[in-house]
Amino acid sequence: MAENKKEMPPEMREKLKAGFNQEWRKELRKSFPMKERMKIERQKMPERDPDERNKDFFEVNRGLDAKAAVTEAKRCWDCANPQCVKGCPVGIDIPAFVKMIEIGDFDQSVRKLKETNALPAICGRVCPQESQCEEVCNLKKATGTPVAIGNLERFAADYEREKGEMFIPSLPPSTGKKVAIIGSGPAGLTVAGDLALKGHKCTIFEALHLPGGVLWYGIPEFRLPKRILEAEVDYLKKLGVELRTNFVVGLTATLNELKKEGFDAFFVGTGAGLPNFMRIPGENLIGVYSANEYLTRVNLMRGFEFPEYDTPVYLGKNAVVLGGGNVAMDSVRTSKRLGAEKSTIVYRRSRVEMPARIEEVHHAEEEGIEFHFLTTPTRFMGDDKGHVKAMECIQMELGEPDSSGRRRPVPVEGSEFIMEADLVVVAIGNSPNPLIPQTTPQLKVGRWGNIEVNWDTMETSMKGVYAGGDIIRGGATVILAMGDARIAANEMDKYLQKR
Amino acid sequence: MAKILKRERLVPNIHVIEVEAPEIVRKCKPGQFVIIMPDKKGERIPLTIADWDKKKGSITSVFLVVGTSTHKLAQLKEGDDVPVFVGPLGRPSEIDNFGTVLVAGGCFGIAAVYPIARALKEKGNKVITLLDVKASYLLYWEEKLREVSDQFHVSSRDSFYDCKEYIPKTLDAILKKEKKIARIHSIGCTYLMYTCAEATRSHEIKTLVSLNPIMVDGTGMCGACRVTVGGKTKFACVDGPDFDGHLVDWDELFMRRKSYFDDEIQSMCYWEKKNFP
Chain A
14 MAENKKEMPP EMREKLKAGF NQEWRKELRK SFPMKERMKI ERQKMPERDP DERNKDFFEV
74 NRGLDAKAAV TEAKRCWDCA NPQCVKGCPV GIDIPAFVKM IEIGDFDQSV RKLKETNALP
134 AICGRVCPQE SQCEEVCNLK KATGTPVAIG NLERFAADYE REKGEMFIPS LPPSTGKKVA
194 IIGSGPAGLT VAGDLALKGH KCTIFEALHL PGGVLWYGIP EFRLPKRILE AEVDYLKKLG
254 VELRTNFVVG LTATLNELKK EGFDAFFVGT GAGLPNFMRI PGENLIGVYS ANEYLTRVNL
314 MRGFEFPEYD TPVYLGKNAV VLGGGNVAMD SVRTSKRLGA EKSTIVYRRS RVEMPARIEE
374 VHHAEEEGIE FHFLTTPTRF MGDDKGHVKA MECIQMELGE PDSSGRRRPV PVEGSEFIME
434 ADLVVVAIGN SPNPLIPQTT PQLKVGRWGN IEVNWDTMET SMKGVYAGGD IIRGGATVIL
494 AMGDARIAAN EMDKYLQKR
Chain B
111 MAKILKRERL VPNIHVIEVE APEIVRKCKP GQFVIIMPDK KGERIPLTIA DWDKKKGSIT
171 SVFLVVGTST HKLAQLKEGD DVPVFVGPLG RPSEIDNFGT VLVAGGCFGI AAVYPIARAL
231 KEKGNKVITL LDVKASYLLY WEEKLREVSD QFHVSSRDSF YDCKEYIPKT LDAILKKEKK
291 IARIHSIGCT YLMYTCAEAT RSHEIKTLVS LNPIMVDGTG MCGACRVTVG GKTKFACVDG
351 PDFDGHLVDW DELFMRRKSY FDDEIQSMCY WEKKNFP
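First to last, the sequence lines map onto chains A and B.
Just so we're aligned: the first sequence equals residues 14 to 512 in the numbering used here.
Just so we're aligned: the second sequence equals residues 111 to 387 in the numbering used here.
The set of hints was computed from the structure by calculation and includes no laboratory data.
This one's a predicted model, so the numbers in the text were calculated from it and none came from an experiment.
Errors might be hidden in some of the hints.
[Said to hold, decoys possible] Quick partial rundown of chain A residues pointing at chain B, CB under 7 Å, derived from the structure:
| # | residue |
| --- | --- |
| 1 | Asn259 |
| 2 | Leu287 |
| 3 | Asn297 |
| 4 | Ser303 |
| 5 | Tyr322 |
| 6 | Leu411 |
Note that beta-carbon positions come from the ideal geometry of N, C-alpha and C, so glycine has one too.
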């Protein structure tokens with residue numbers, strides 16, 4: 014839907030150039046030649062042992078220590094024309110924050126990050142860096158292994174949090190303008206952070222009882238510990254952002270009603286909260302979950318601590334997860350941790366088409382997850398209590414590329430077979446949540462139920478109402494949502510200043 | 111956080127709860143529900159809105175004590191806070207002047223049909239109320255419901271009221287006598303709604319039921335509450351909770367409601383041991 018590789022704005026290019034020409038950066042480059050830098054090996058992210066970690070919900074990656082981070086930062090060439098910045102949807106000044114790590118000034122490094130990214134500890138963990146900043150890293154072109162930008166981002170953010178003193182930038186005087194942000198997911202949090210720094214009063218409305226959207230209910234503890242999310246949300250509160258949980262915009266109050274209450278601008282970041290199902294027989298058997306339900310039960314309702322927490326979640330012995338994205342990987346690794354003897358990914362395309370982050374696939378394999386490619390279920394079968402016990406599958410082969418550029422899977426006739434499964438998680442994507450479009454008739458909606466926006470400004474068909482993230486894209490990533498949010502926040506600021 | 115203004119046992123095992131929720135009061139309509147969490151470790155449970163007070167800004171619901179979270183709810187006192195009280199969720203019931211409408215309720219549904227009966231009465235309908243209780247001492251809100259009803263019937267196994275038969279038989283008898291009933295609203299346990307829908311099928315009278323599958327978020331995000339209606343999968347939280355009872359796949363609903371039967375027992379035992387050693 015969206016084209017993300019835009020030309021870099023001139024003011025950004027100027028800023029990068031000014032940083033590049035700073036004396037300390039010049040000296041740092043001189044002090045250690047490129048050739049030497051190339052000799053340093055990429056620092057390995059310390060990980061917990063697969064056989065230990067696949068039995069609990071503690072974080073898999075331990076994070077680089079200071080020494081490793083400084084060493085890794087030395088690998089960066091501090092290029093005159095840094096491609097990585099272009100590869101980042103929110104345009105972080107990557108060479109600047111990396112070089113600050115190299116000289117050991119971690120405090121300045123995290124401040125640099127926070128100029129453009131309010132949630133660095135989260136992005137350092139969940140961004141698909143290999144297809145963004147790290148993919149276009151000049152070092153990758155030369156040596157094949159890019160600078161571990163994501164790991165360094167995480168290091169700097171963790172350093173500050175663990176130190177216990179969060180730097181709070183000085184806020185400009187209040188503009189007196191009120192902004193309503195609907196949804197507290199990555200897009201909403203980013204808009205709130207950006208606009209708070211510009212002096213606008215931001216209120217985030219969240220339907221669930223805990224803020225974070227997909228960062229809470231979707232991404233598991235072992236990949237993004239919730240205390241880290243809480244710390245990033247706390248930081249926003251310190252910037253003066255107000256949080257209203259248990260408030261369903263559209264039902265508790267409509268967008269138009271909030272407008273009458275005096276909000277000057279709106280950002281809709283309500284996400285892809287409508288799970289897609291296979292639409293095949295037996296899908297409503299007990300033990301067949303949408304990934305949203307499965308992960309919500311575990312992450313938001315803490316089903317993994319049942320019965321201390323009241324919400325149960327079905328623990329399969331033979332868990333099958335349908336899909337090949339990050340949500341599928343999160344689900345399958347969760348099922349393993351909840352004690353499944355066998356946890357399997359069933360994906361209709363082949364390995365190379367899987368949209369999941371490479372690291373997640375790699376971690377899943379280490380943890381003993383099995384993969385069944387070029388396979389799709391055709392129906393689910395249950396026992397006499399209505400519980401799923403198996404599924405009939407059919408083999409697929411890859412045909413011509415479809416609109417997504419990936420080769421379209423085609424069923425192989427007569428290749429049906431039965432696969433046992435007593436827990437099935439359907440992780441084949443989500444559609445945009447319809448609550449806001451349904452209750453806001455002025456909003457123009459596309460054919461998939463997505464809110465239509467002007468992609469240059471993120472403004473919707475309603476003046477002063479902006480949108481970003483999965484509600485306009487259908488189902489993407491945390492960082493793309495944040496990229497939309499960054500554009501929207503800039504435009505919203507301009508709009509508010511004119512009012 | 112929302113403040114509990116009142117929590118009282120109405121009859122054995124059935125409690126009324128009144129919660130301060132000025133925003134929900136402004137918007138709520140008959141047939142909608144709220145989701146409540148008794149404490150931070152509790153489940154999110156859907157409760158039909160049974161009444162509201164615009165002046166006080168409060169919402170009233172009635173619930174049956176079944177599992178751990180409802181046991182916890184039944185322990186709450188005036189002045190306590192609950193971490194989640196969100197709504198109004200779901201589509202409101204269709205209210206219009208249909209002529210004669212029968213509302214049928216049992217258990218917690220006696221309270222849940224009240225706002226529907228009241229709204230139908232206000233629209234000028236002739237309202238026939240039929241309630242089912244296992245014994246006469248389990249009836250509550252009689253005065254409230256009589257006030258909004260043109261006819262008031264109770265089936266009670268102890269024959270204290272009209273008759274002792276289970277609700278479908280009484281319903282059938284009323285339908286045979288009252289020829290002009292335009293539609294029926296039925297709320298209660300799944301079995302009550304199912305039997306009501308079966309009783310009206312041959313009379314070909316539209317029967318709306320307020321479905322009560324297991325829910326988690328209540329805003330259409332998770333799909334836990336999926337039900338099959340007319341051969342299509344619907345989400346009770348956003349497409350309902352009212353559906354045409356003649357089109358509902360009742361077997362599937364009965365089955366799915368039992369999804370966590372064993373877990374619920376385990377959870378209760380754990381909670382009881384911890385709190386009442």
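Going through the hints against the structure:
1. Asn259: Holds - the Cβ of Asn259 of chain A comes within 7 Å of chain B, reaching about 4 Å at its closest.
2. Leu287: holds, 6 Å
3. Asn297: holds, 6 Å
4. Ser303: holds, 4 Å
5. Tyr322: holds, 5 Å
6. Leu411: Nearest chain B Cβ about 29 Å off; hint violated.
Violated hint: 6 only; the structure is consistent with all others.
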